[in-house]
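Order-wise, the sequence lines are chains C and L. Each step along the first sequence adds one to the number in full-length UniProt numbering, with nothing skipped, and position 420 is 420. Each step along the second sequence adds one to the number in full-length UniProt numbering, with nothing skipped, and position 18 is 18.
Hints are computed from structural coordinates only; laboratory data are not their basis. Keep in mind that this is a model prediction, so the values were computed, not measured. Hints may be right or wrong, so weigh each one.
What the hints assert, rightly or not - With a cut-off of at most 20 Å between alpha-carbon atoms, the simulated DMTMM-like pairs for lysine to aspartate or glutamate come out as follows:
no.: 1; chain 1: L; residue 1: Lys-70; chain 2: C; residue 2: Glu-426
no.: 2; chain 1: C; residue 1: Lys-193; chain 2: C; residue 2: Asp-166
no.: 3; chain 1: C; residue 1: Lys-80; chain 2: L; residue 2: Asp-252
no.: 4; chain 1: L; residue 1: Lys-84; chain 2: C; residue 2: Glu-87
no.: 5; chain 1: C; residue 1: Lys-413; chain 2: L; residue 2: Asp-252
Said to hold, decoys possible - Residues of chain L placed beyond 12 Å of chain C at every Cβ, according to the derived structure:
no.: 6; residue: Tyr-59
no.: 7; residue: Leu-130
no.: 8; residue: Ile-166
no.: 9; residue: Ser-189
no.: 10; residue: Met-223
no.: 11; residue: Phe-237
no.: 12; residue: Ile-241
no.: 13; residue: Leu-297
no.: 14; residue: Tyr-318
Unchecked claim - Here are the in silico distance ranges between beta carbons for each label pair:
no.: 15; chain 1: C; residue 1: Asp-191; chain 2: L; residue 2: Gly-168; range: 17 to 25 Å
no.: 16; chain 1: C; residue 1: Lys-193; chain 2: L; residue 2: Thr-242; range: 37 to 45 Å
no.: 17; chain 1: C; residue 1: Ala-124; chain 2: L; residue 2: Ser-47; range: 45 to 53 Å
no.: 18; chain 1: L; residue 1: Ile-184; chain 2: C; residue 2: Asp-191; range: 53 to 61 Å
no.: 19; chain 1: C; residue 1: Met-422; chain 2: L; residue 2: Ile-109; range: 55 to 63 Å
no.: 20; chain 1: L; residue 1: Leu-163; chain 2: C; residue 2: Lys-193; range: 45 to 53 Å
no.: 21; chain 1: L; residue 1: Ile-109; chain 2: C; residue 2: Lys-163; range: 43 to 51 Å
no.: 22; chain 1: L; residue 1: Lys-72; chain 2: C; residue 2: Gly-195; range: 31 to 39 Å
no.: 23; chain 1: C; residue 1: Met-422; chain 2: L; residue 2: Ile-241; range: 38 to 46 Å
no.: 24; chain 1: C; residue 1: Gly-93; chain 2: L; residue 2: Trp-73; range: 17 to 25 Å
no.: 25; chain 1: C; residue 1: Lys-193; chain 2: L; residue 2: Phe-224; range: 51 to 59 Å
no.: 26; chain 1: C; residue 1: Gly-404; chain 2: L; residue 2: Leu-161; range: 22 to 30 Å
no.: 27; chain 1: C; residue 1: Gly-93; chain 2: L; residue 2: Gly-168; range: 47 to 55 Å
no.: 28; chain 1: C; residue 1: Thr-84; chain 2: L; residue 2: Trp-73; range: 20 to 28 Å
Glycine residues also receive a C-beta, built at the ideal position from the N, C-alpha and C atoms.
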Amino acid sequence: MKKLVSIAMAALLVAVAGCSGGGQSSAPAGTTGSTASGEKVTLTYALWDKNQLPAMEEMAKKFNEKNPNVDIKIELTPNKQYWTKMEAAATGGTLPDIFWINGPRIIKYAANDMLLPLSDQIKADSIDLNNYPKALVDLYTYDGQNYALPKDFDTIGLWYNKKLFDDAKVPYPDETWDWNKLKEVAKQLTDEKKGVWGIAAPPYGQDGFYNTIYQSGGYIISEDRKTSGYDKPETIEGLKFWTDLINEKASPTAAQLSETEATQLFESGKIAMMYNGSWMASAFNKNEYTKDKVDVTYLPKGKENTSVIHGLGNVISANTKHPKEAWEFVKFLGSKEGAEILAKSGAAIPAFNGTQDTWLQSIPNFNLKIFIDQATLAKPYPISKDTAKWAKLETELMTKAWAGQMSVEDASKELAQKMNEMLSQE
Amino acid sequence: MNAMSSQLQPEMHAAVQPKTKKSLNRMKRSDWFWAYLMIAPTLIGLSVFYLWPIVQTIYLSFTKWGGFGKYKWAGLHNYELLLKDPYLWIALKNTLIYTVIAVPVGIAISIFIAVLLNQKIKGITIYRTLYFLPVVTMAAAVAMVWRWLYNADYGLINYLLGLIGIEGPRWISDPAIALYAVIIVAVWSSIGYNMVIFLAGLQGIPRSYYEAAEIDGAGPVRMFFKITLPLLTPSIFFVSITSLIGAFQVFDLIYLMLGSKMGNPATEQTQTMAYLFFTNGFESGNGGYAAAVAVVLLVMILIVTAIQMKLQKKWVHYD
Chain C
1 MKKLVSIAMA ALLVAVAGCS GGGQSSAPAG TTGSTASGEK VTLTYALWDK
51 NQLPAMEEMA KKFNEKNPNV DIKIELTPNK QYWTKMEAAA TGGTLPDIFW
101 INGPRIIKYA ANDMLLPLSD QIKADSIDLN NYPKALVDLY TYDGQNYALP
151 KDFDTIGLWY NKKLFDDAKV PYPDETWDWN KLKEVAKQLT DEKKGVWGIA
201 APPYGQDGFY NTIYQSGGYI ISEDRKTSGY DKPETIEGLK FWTDLINEKA
251 SPTAAQLSET EATQLFESGK IAMMYNGSWM ASAFNKNEYT KDKVDVTYLP
301 KGKENTSVIH GLGNVISANT KHPKEAWEFV KFLGSKEGAE ILAKSGAAIP
351 AFNGTQDTWL QSIPNFNLKI FIDQATLAKP YPISKDTAKW AKLETELMTK
401 AWAGQMSVED ASKELAQKMN EMLSQE
Chain L
1 MNAMSSQLQP EMHAAVQPKT KKSLNRMKRS DWFWAYLMIA PTLIGLSVFY
51 LWPIVQTIYL SFTKWGGFGK YKWAGLHNYE LLLKDPYLWI ALKNTLIYTV
101 IAVPVGIAIS IFIAVLLNQK IKGITIYRTL YFLPVVTMAA AVAMVWRWLY
151 NADYGLINYL LGLIGIEGPR WISDPAIALY AVIIVAVWSS IGYNMVIFLA
201 GLQGIPRSYY EAAEIDGAGP VRMFFKITLP LLTPSIFFVS ITSLIGAFQV
251 FDLIYLMLGS KMGNPATEQT QTMAYLFFTN GFESGNGGYA AAVAVVLLVM
301 ILIVTAIQMK LQKKWVHYD
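I would like the entire structure built from these sequences, with the hints used as guidance.
Structural data, given as structure tokens:
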């Protein structure tokens, strides 16, 4: 009897262990005395973009050649589940040693002591942060501490369909364009009978109204991250740029764009122009229709010539057992050598200044240089400690304004008021 | 457990006859031990994965959620916020509309099809398979396909309506229609599962009842209402309880068809309780508040199920 019970207990234990083990199974390997020389160390590295996986694997291999005692185990989680998984891992104290982070999450993770501050290491190894765009370094600085080494960045450009421009005998957009010119041409290119629109105006932030808010002199969140800029007349002007395009029928309606995404319409020749990010370059290059029919240029100017920039960083978990090895790897990922590997793959613009030329050459079809030029004038992606809370409200209220269920002023002012409440509680 | 012990005991009695009452107790105790050991895996699973989370959810609904599992006691704060939340009333209304339409309509159609598929016709297995197919298809795939069918500008449904001169509505982006568009898909995808249960119920009705009714001169409609329907009530009861609970928790179809981050003008007016729970808990990281929503939903389901259990004595016939 006793034997049976102990077998049953053992079986149960195995079952429980099997449930919680998951992707972490290799972490405990060689945990004793992390810095002991020659000891095998395995680091886990979490990321979400399948397109960048080959480049990341190559980097891990290169790093391993130089540091034979450190193995890198890459964990790929699709973007949609990535933050849910990280949130659970952080709560349970099982974050991967190194992982990708983005702007909206950085303060939350840094302020809750989930990340290893890197300023001391950066100073000790005399890493020059001027090698990266300033907006990105600032994005990952919290309380005067650096928490990430920038990995890549993305800016926004005006993608356009050359064929539709040629058919209508309209010259292509260029750096001389401003808002009025864009509106004028968008109307000119719209042909309701053919179901073709001059531009797509979906209620998107980063690849939409964030850019025009900055261009009209408004802002989304104040520099001290304490107040919302949504009640400023300049901000409202930046939003109206888009709703005007819909009201003047130069763009499909918000309802139409929610059923068929702007990118899909663009890829099937129904849309002549759209704001979209550098991250679309490799997808457009692989698409049979867009690969030789579209190109990209600078965003048309508003009052100011600026746009929004965002980028990813590599961070180290605060409770990693191998902080020294993890830092060595992050340093390699952020180095010129690492950036070159990413650049060659074409999947993202590497953050290390000077390696971007390699990225440009990876897709010669498009005028990709504009993305790098725009980075120098760009303003950082707006964030606060709990970005997700007000970002959800932003989507809700802007959707109402776009759909005409609310006036732009009312939606924007309501957002400002509620956002201020949320920010005061952070 | 009962069946097992009553089967085993006579033999054991025979084997240990001279023993006293005390040892009999020991026997019984050993039976109990084995019985509990056998159901232990399920019991442990239930407590770890169902009961404990329920207790935790109720506890968390009284807390204010910080980052990464840090929370502090907040008393009734979340429930106060919930009562003031305009979305709660939208979600409650939509959940009720959804349930009140989807459940009866789904059951009626399933019974109708089950009766049809209970006949001797050619290719019956093919029909049965066809009706059952949506059940084995993932909700995500179902939602994506229907999203395309419903597309107002390029979708098949509006194209077909256009052929007969009707301008189709904006199925999934018009706030007045979107919920009903989802209900249609929900009913469509629930038919197969319900139908199989009804088919089993129908097969259990003895042929002799129908033969007797035929001799008495009853037509097929009368036979359906006087024989089939009353004898099918246990199946109807089972299906109505499971589909009610499912309807109260509807989430996947709405989330996948109406999208949350796409800027769909219909999403806000079409959210349900489970949707409210998801957006608060997983999108804006408001764990305590989401737990309160879940508790309200739990209470609703408990009440409705209790009412159904009470009412069943009136209309369910077990023989």
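Sort out which numbered hints this structure fails and list those numbers smallest first. 4, 5, 16, 18, 19, 20, 22
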